[in-house]
Amino acid sequence: MLSHLLPHLILLLLLSPLLTGIITRTKAVIAGRRGAPLLQLYFDLAKLFRKGMVVSSTTTWVFRAGPVAGLVVPVLASLFIPFGGIRAPFSFNGDLVLFVYLFALARFFTVLAALDTGSSFEGMGAAREATFACLAEPTVFVIFIVLARVSGSLTLDAMLSSLQSHIGHPAAGVPLLLAAVCLFVVVLAENCRIPFDDPNTHLELTMIHEVMVLDHSGPDLALILYGAAMKFFVMGALLVSFFLPPQPTDIVTETTAFVGAMLLLAVAVGLVESAMARLRLIRVPQLLVGTSLLSCFALVLLLR
Amino acid sequence: MQNLPDFILIAVILLNFFLLGTSRLGACVQAVALQGALLSLLPPILSGPSVHALSLAGGAFCLKGIVIPALLLRAIRKLDINREIEPRLGYIPTLLLVALTTAGAFVFGDRLPLLAAHLNSLVIPASLSTLAAGFLTLITRRKAITQVLGYLIFENGIFVFGMLLAEAMPLMVEAGVLLDMLVAIFVMGIVMNHINREFSSSIDTDHLNLLRE
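Line by line, the protein sequences give chains G and S. The first sequence begins at 1 in the working numbering and counts up one residue at a time. The second sequence begins at 1 in the working numbering and counts up one residue at a time.
Just chain G, with the same shape it has in the complex (with noise of 0.2 angstroms):
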């Protein structure tokens, strides 16, 4: 599998800020403005790089760990998860685990940069994050037996290939489509998108990932911006393999197929955004909660 890890990283690498530009440009769109171009994103993180940097004198390296955690992270991860006809170059039994918890290790590094600024706000935003991804991972973890009890394996490059041809069996449709939209909400949750946070916003005191972000300037900030639009990208080739056709096609084609996918759940998303407010702080983890429950509930439908 060692060969595609070249076509896999190309593909992480280009294509995981377009996504961003796609969901500002939809929501633009809807709201009847022109929007900013699509690749606004690859122009921002070519001026941050070449930008100084100011950082704090009461902080450590610590500070600056957090940035390079949220950069190299979702790349790790994303060698378990295939990317359409591009399997994954790696994958191991139990690989699900070490997903899991590879996002938290880069939480657990933005958190602690955050909290190193010394600022109570800067921390107040971490206290949200750490809340919310708690409420989250359950989710995660049920959707993810689910997966493992429909395909029969615990690794997630054959969970994820062999999800076409289990949805459109009547015992397992319904749960898997009950996982999606679940897997669907904890994308929102996990990306800071808004139902749970705003991406816009950078002084509201609803605000979550962006608080924990302010005191980063030029290149790691770059580095945020990049590891997120990753971690986006990489969360969403999760939620992707569940709709890929089913008949076994060319790598060409299925990797088409893929992108084709990520580029409308980015407009799905965006769409989403465009028709919905924010919730409000005390019903987000309701709303995650719920699904939880929601997925737990796909499992008892399996298990009977």
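Keep in mind the hints are simulated off the structure, nothing from the lab. Some clues are possibly wrong.
Which residues of chain G face chain S? A few of them, derived with a C-beta cut under 10 angstroms, are [claimed, not checked]:
| no. | residue |
| --- | --- |
| 1 | K27 |
| 2 | G290 |
| 3 | L293 |
| 4 | C296 |
| 5 | R304 |
In silico contact screen, one side only, chain S against chain G (beta carbon under 7 angstroms); selected entries [as the list claims (entries may be wrong)]:
| no. | residue |
| --- | --- |
| 6 | I10 |
| 7 | A11 |
| 8 | I92 |
| 9 | L95 |
| 10 | A99 |
| 11 | G104 |
| 12 | F108 |
Listing some non-contacts, in silico: residues in chain G with all C-beta distances to chain S over 12 angstroms [to be verified]:
| no. | residue |
| --- | --- |
| 13 | L154 |
| 14 | T256 |
| 15 | P285 |
Heads up, the beta-carbon is just placed ideally off N, CA and C, and yes, glycines get one too.
Put chain S on the given structure of chain G with help from the hints.
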């Protein structure tokens, strides 16, 4: 799980979750209406489009899907209440309880000695979990109008259970149940009106626990 009834029953169970998890009264009423309307489709699907089944479905659809929700929505508009502000039990504990009772319903439903025809259907679990959701609504919510909704959910659960006997159930019995329900809703409407007038624009049933000079 290859056919329409199972999809309807799953939708009914999901609506239970939604009902116990939302605080907006208008959305609650609409969800109950949707639940009733979905359920009224079941008799003709399960037992074939006979006159009996069609009239049962038509009656249930009109009453549970249209008339009663319209009455409740009107009550909400006239009394000007939108939200269940503070339920006796928070939303997350209630949701957890619904999940527990639903899982319990599935476990229990599999152990019942049923006819072979009903053995793997979702009817029993859906019915039991809807009954439990109705009970929970009655127990955990304060407003008179949510109590009416709990009663309606409860009736939906009984209706699902009746699906097992769809061929045997006389039309008069089902019609009588629907009529009873309509009368009960009317009575609750009058009670709500009185609570509202007595306690100056609030339909919190907790007021009824207190004695006043």
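Tested hints:
1. K27: 25 angstroms, violated
2. G290: 5 angstroms, holds
3. L293: At 4 angstroms from the nearest chain S Cβ, L293 of chain G passes the 10 angstroms test, so the hint holds.
4. C296: 6 angstroms, holds
5. R304: 6 angstroms, holds
6. I10: 6 angstroms, holds
7. A11: 10 angstroms, violated
8. I92: Holds, because the Cβ-Cβ distance from I92 of chain S to chain G comes to roughly 5 angstroms (cut-off 7 angstroms).
9. L95: Holds, about 6 angstroms.
10. A99: 4 angstroms, holds
11. G104: Hint on G104 of chain S: violated, closest Cβ of chain G at ~10 angstroms, above 7 angstroms.
12. F108: Result: violated, 12 angstroms to nearest chain G Cβ.
13. L154: 24 angstroms, holds
14. T256: Check passes; 32 angstroms lies beyond 12 angstroms.
15. P285: 7 angstroms, violated
Comparing the model with each earlier hint shows violations of hints 1, 7, 11, 12, 15; every other hint is respected.
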